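> Given next are the chains, with one letter for each unit.
There are 2 protein chains.
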Amino acid sequence: MSDPAEPNEPKLGAALNTDLYELTMAAGYFEAGKADNRATFELFVRRLPWNRNFILAAGLAQAVDYLQNLKFTAAEIAYLKTLPQFEHTHSEFFDMLAGLRFTGDLFAVREGTPLFAGEPFLTVRAPLIEAQLIETYLLATIGFQSTIATKAARVVRAALGRDVVEFGTRRAHSPEAGVLAARAAYIGGCTGTSNSETGFRYGVPVFGTAGHSWVMSFPSELAAFERLQQLLGDSTVYLIDTYDTMEGARRAASLGRPLWGVRLDSGNLGELAVAVRRILDEAGLRDSKIMATGDLNEYKIQELMAARAPIDVFGVGTELATSADAPSLGVVYKLVELEAGSSRRYPVKLSHDKQTLPGAKQIFRAADHDVLARASECIACGQNGASCEALQRPVMIAGQLVESLPAIAESRRYASESLNRLPAGCLSLFAGEPAWRVDISPELAVLNESVSKGAAV
Amino acid sequence: MSDPAEPNEPKLGAALNTDLYELTMAAGYFEAGKADNRATFELFVRRLPWNRNFILAAGLAQAVDYLQNLKFTAAEIAYLKTLPQFEHTHSEFFDMLAGLRFTGDLFAVREGTPLFAGEPFLTVRAPLIEAQLIETYLLATIGFQSTIATKAARVVRAALGRDVVEFGTRRAHSPEAGVLAARAAYIGGCTGTSNSETGFRYGVPVFGTAGHSWVMSFPSELAAFERLQQLLGDSTVYLIDTYDTMEGARRAASLGRPLWGVRLDSGNLGELAVAVRRILDEAGLRDSKIMATGDLNEYKIQELMAARAPIDVFGVGTELATSADAPSLGVVYKLVELEAGSSRRYPVKLSHDKQTLPGAKQIFRAADHDVLARASECIACGQNGASCEALQRPVMIAGQLVESLPAIAESRRYASESLNRLPAGCLSLFAGEPAWRVDISPELAVLNESVSKGAAV
Numbered sequence: 095m096s097d098p099a100e101p102n103e104p105k106l107g108a109a110l111n112t113d114l115y116e117l118t119m120a121a122g123y124f125e126a127g128k129a130d131n132r133a134t135f136e137l138f139v140r141r142l143p144w145n146r147n148f149i150l151a152a153g154l155a156q157a158v159d160y161l162q163n164l165k166f167t168a169a170e171i172a173y174l175k176t177l178p179q180f181e182h183t184h185s186e187f188f189d190m191l192a193g194l195r196f197t198g199d200l201f202a203v204r205e206g207t208p209l210f211a212g213e214p215f216l217t218v219r220a221p222l223i224e225a226q227l228i229e230t231y232l233l234a235t236i237g238f239q240s241t242i243a244t245k246a247a248r249v250v251r252a253a254l255g256r257d258v259v260e261f262g263t264r265r266a267h268s269p270e271a272g273v274l275a276a277r278a279a280y281i282g283g284c285t286g287t288s289n290s291e292t293g294f295r296y297g298v299p300v301f302g303t304a305g306h307s308w309v310m311s312f313p314s315e316l317a318a319f320e321r322l323q324q325l326l327g328d329s330t331v332y333l334i335d336t337y338d339t340m341e342g343a344r345r346a347a348s349l350g351r352p353l354w355g356v357r358l359d360s361g362n363l364g365e366l367a368v369a370v371r372r373i374l375d376e377a378g379l380r381d382s383k384i385m386a387t388g389d390l391n392e393y394k395i396q397e398l399m400a401a402r403a404p405i406d407v408f409g410v411g412t413e414l415a416t417s418a419d420a421p422s423l424g425v426v427y428k429l430v431e432l433e434a435g436s437s438r439r440y441p442v443k444l445s446h447d448k449q450t451l452p453g454a455k456q457i458f459r460a461a462d463h464d465v466l467a468r469a470s471e472c473i474a475c476g477q478n479g480a481s482c483e484a485l486q487r488p489v490m491i492a493g494q495l496v497e498s499l500p501a502i503a504e505s506r507r508y509a510s511e512s513l514n515r516l517p518a519g520c521l522s523l524f525a526g527e528p529a530w531r532v533d534i535s536p537e538l539a540v541l542n543e544s545v546s547k548g549a550a551v
Numbered sequence: 095m096s097d098p099a100e101p102n103e104p105k106l107g108a109a110l111n112t113d114l115y116e117l118t119m120a121a122g123y124f125e126a127g128k129a130d131n132r133a134t135f136e137l138f139v140r141r142l143p144w145n146r147n148f149i150l151a152a153g154l155a156q157a158v159d160y161l162q163n164l165k166f167t168a169a170e171i172a173y174l175k176t177l178p179q180f181e182h183t184h185s186e187f188f189d190m191l192a193g194l195r196f197t198g199d200l201f202a203v204r205e206g207t208p209l210f211a212g213e214p215f216l217t218v219r220a221p222l223i224e225a226q227l228i229e230t231y232l233l234a235t236i237g238f239q240s241t242i243a244t245k246a247a248r249v250v251r252a253a254l255g256r257d258v259v260e261f262g263t264r265r266a267h268s269p270e271a272g273v274l275a276a277r278a279a280y281i282g283g284c285t286g287t288s289n290s291e292t293g294f295r296y297g298v299p300v301f302g303t304a305g306h307s308w309v310m311s312f313p314s315e316l317a318a319f320e321r322l323q324q325l326l327g328d329s330t331v332y333l334i335d336t337y338d339t340m341e342g343a344r345r346a347a348s349l350g351r352p353l354w355g356v357r358l359d360s361g362n363l364g365e366l367a368v369a370v371r372r373i374l375d376e377a378g379l380r381d382s383k384i385m386a387t388g389d390l391n392e393y394k395i396q397e398l399m400a401a402r403a404p405i406d407v408f409g410v411g412t413e414l415a416t417s418a419d420a421p422s423l424g425v426v427y428k429l430v431e432l433e434a435g436s437s438r439r440y441p442v443k444l445s446h447d448k449q450t451l452p453g454a455k456q457i458f459r460a461a462d463h464d465v466l467a468r469a470s471e472c473i474a475c476g477q478n479g480a481s482c483e484a485l486q487r488p489v490m491i492a493g494q495l496v497e498s499l500p501a502i503a504e505s506r507r508y509a510s511e512s513l514n515r516l517p518a519g520c521l522s523l524f525a526g527e528p529a530w531r532v533d534i535s536p537e538l539a540v541l542n543e544s545v546s547k548g549a550a551v
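Quick note, the sequences are listed as chains A and B, same order.
Per my numbering, the first sequence starts with residue 95, numbered consecutively.
Per my numbering, the second sequence starts with residue 95, numbered consecutively.
In isolation and in its complexed conformation, chain A is listed as follows (with noise of 0.2 Å):
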């Protein structure tokens, strides 16, 4: 295990990595005079994904990240200008962007925090330009590491106790994916990942002894395993299956301690670890381990455990760095109110299949369900009357972090904890009835009665 290491996130150029329309009609807002405007989005996800019976919620810090640094060079500024979309657009627009940093207030939910369909992962409060520039980035970011928090989630859970590495960087979709997703894997519940900048940049436990192109780098497998022995003394790991995996584990054996276990990359993982735990009891080598990888999931995993393989930590890569069975979460960033001078309004949309409910909201979380409700709301929905906890908390207020995030090994502890009070059925790695109920307060049911009838036209 490493060593926290300080944050260290690279500053990347993001203010324009946003879709265009967020573009033109921050420009529209402007040109309209809506620049004063307030407006109230939240981030949420209309149904839980295939096979999921909750999300949990990961990308907050680097949410948080962008919007402190939020800021258009002025390169981007005159790329924008050559764009045919702002042709009819007056300079006034691109002075206020040079100058446009993020005053609103977030308001989320805490990374770790299992979430259902339609609570809000995020609130964000802002004039309604800023608001709006966000939305692509943030979608992305709470989309994606909370797809891979979830997906560890379920990983970890098949693997009842035993450690779970995350080696999926290769075939994440691109380099910067796989040092997200291993972060998103560690509060998920990982161990750790194989990804050494996600160890750099945020002190996640970093895992590697050696691939096959050290093996075959030598002559023979034997030489290459004395050499990694004399490499890494207890740390060895002997990748047993390049040529044979018996005669590999045979090898391993043979060269006793210092050692801390085989690794089974190929064949059937539940046989082969039958057969290579016996050839090491045999040696003596009753404390070394046997770590398995090659295309695992939650559901082989599930499977080997039921067999009571003797595998003492898996390593999980492509199906975990790209939640392969559902590769993506719908969520979405939907104005619920807006304020302009002393008026407020509730928009809604009421596209087929795609109604909102209106207004800021809370989630109140209580030992068996939730309820959503307006913010404003404070609601008993405790057993016997006691008051639940407010999952959503003031994050940023007027552009100023309100106190500093969790350290990562908080929000993986925070993330065990709640998943923990979760009931069997939201626990299961296979879709049942609805296994966590979130019930409407009566007063959000009372604004969006009101707020549909009355719904512009």
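Relax, there's no trap hidden among the hints.
Same chains, same names: a pair is fine if it fits in one copy or spans any two.
Cross-link-like lysine to any residue pairs, in silico, SDA-like; alpha carbons within 25 Å at most:
| hint | residue 1 | residue 2 |
| --- | --- | --- |
| 1 | Lys128 | Arg321 |
| 2 | Lys394 | Trp144 |
| 3 | Lys394 | Asp419 |
| 4 | Lys394 | Pro143 |
| 5 | Lys448 | Ala403 |
| 6 | Lys394 | Asn145 |
| 7 | Lys448 | Gly361 |
| 8 | Lys165 | Arg132 |
| 9 | Lys128 | Gln324 |
| 10 | Lys394 | Ala420 |
| 11 | Lys448 | Ala369 |
| 12 | Lys383 | Arg372 |
| 13 | Lys175 | Leu191 |
| 14 | Lys547 | Met340 |
| 15 | Lys383 | Asp338 |
| 16 | Lys448 | Asp419 |
| 17 | Lys547 | Gly361 |
| 18 | Lys128 | Pro221 |
| 19 | Lys175 | Ala503 |
| 20 | Lys383 | Pro404 |
| 21 | Lys175 | Arg351 |
| 22 | Lys383 | Arg321 |
| 23 | Lys394 | Ala418 |
| 24 | Lys394 | Ser445 |
| 25 | Lys175 | Pro299 |
| 26 | Lys547 | Pro313 |
| 27 | Lys394 | Leu254 |
Read the hints as simulated data drawn from the structure, not as lab findings.
All values derive from a computational prediction rather than experimental measurement.
Place chain B on chain A using the hints.
Chain B only, in chain A's frame:
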């Protein structure tokens, strides 16, 4: 369409963005006196992914950028020294790492080249440590962009000449993945993207007008439409489904020109397009266009086109930017030659179902098949013994770029021309019989035979 901007690649700290085992192996090679060995690695897929009959290579420009800028910072090296995996590593290794740059050779197929199982996207010949360290980043870069370029080629093909615009950043695997997905989608044949950063960095055409929040921010849909028309003139696209699509279409028609067209984003797109087309035509707006968006993919577009839906432009987001039906590519990076002093070895891996062919290779493409040959061969595989195209070309020699890489629009054109030469079976959206033959040259077969017999064990 935007003017191409100058490439503006951000320089992320990338040297540590690699699996830790690449670094432990590097330390091991150094300690074992193998630092001056020269290794040849190839990057390829063993099998095509589900429902894919080709892979369109993409991402080479970012791979080259990475190699040209590879450098460890003092802070990164200090971090590595804290890890237990380097406890037994001598300080000379870290001194070497501080001065390490990529000094090797890179051979690669052009971006936009269709490839098949076993064919190398790129070949690296470099000092062993350099060649090893870059594995993870190259896999993630080439694997991801090739995945998306391939998906885009399928979607564009299904649209039968209608424009397809990439809209997926908000659902991509991180904001940076969104930028690169849009780049790859353009190479795969998309007309452009909604991602402004991709336009700024790579000169890809950008598109976008307004979303639901624009409509909802006005007291009425009509007011929102009027304002948009003032803002955008001939670029005006009304999003007409916020409240009621047919009402929205009538409002749009009532405002007349200037107008580019309308956008449908929910409901039955085929039926709505017919009805909306009639409304526009009856208002004399025959030249106004209909754009359709909303959970589209190549299969739904093929169905819409088969039904002759009057849709002029498709906007495709989530499924394109995540390649949802095949979200990863099993790219591997394998050691195929190793030179130590005057000796040369051809390592092979014999793991279950993971055999590799030895030696550096060239791909020769004839009119109806490929030949995978040794890199040293020059073979005539065209009709009547004519020579055929060698797809791998030198890109970097001794760490230096041989010539400028093609402009991205050139790669897009090359992809289109290359795909047009493939048989219908390759271009089907559905997997069939192996649609393209890849032969092994006699010399490569001989080498494989002799190496397999004498494989190290």
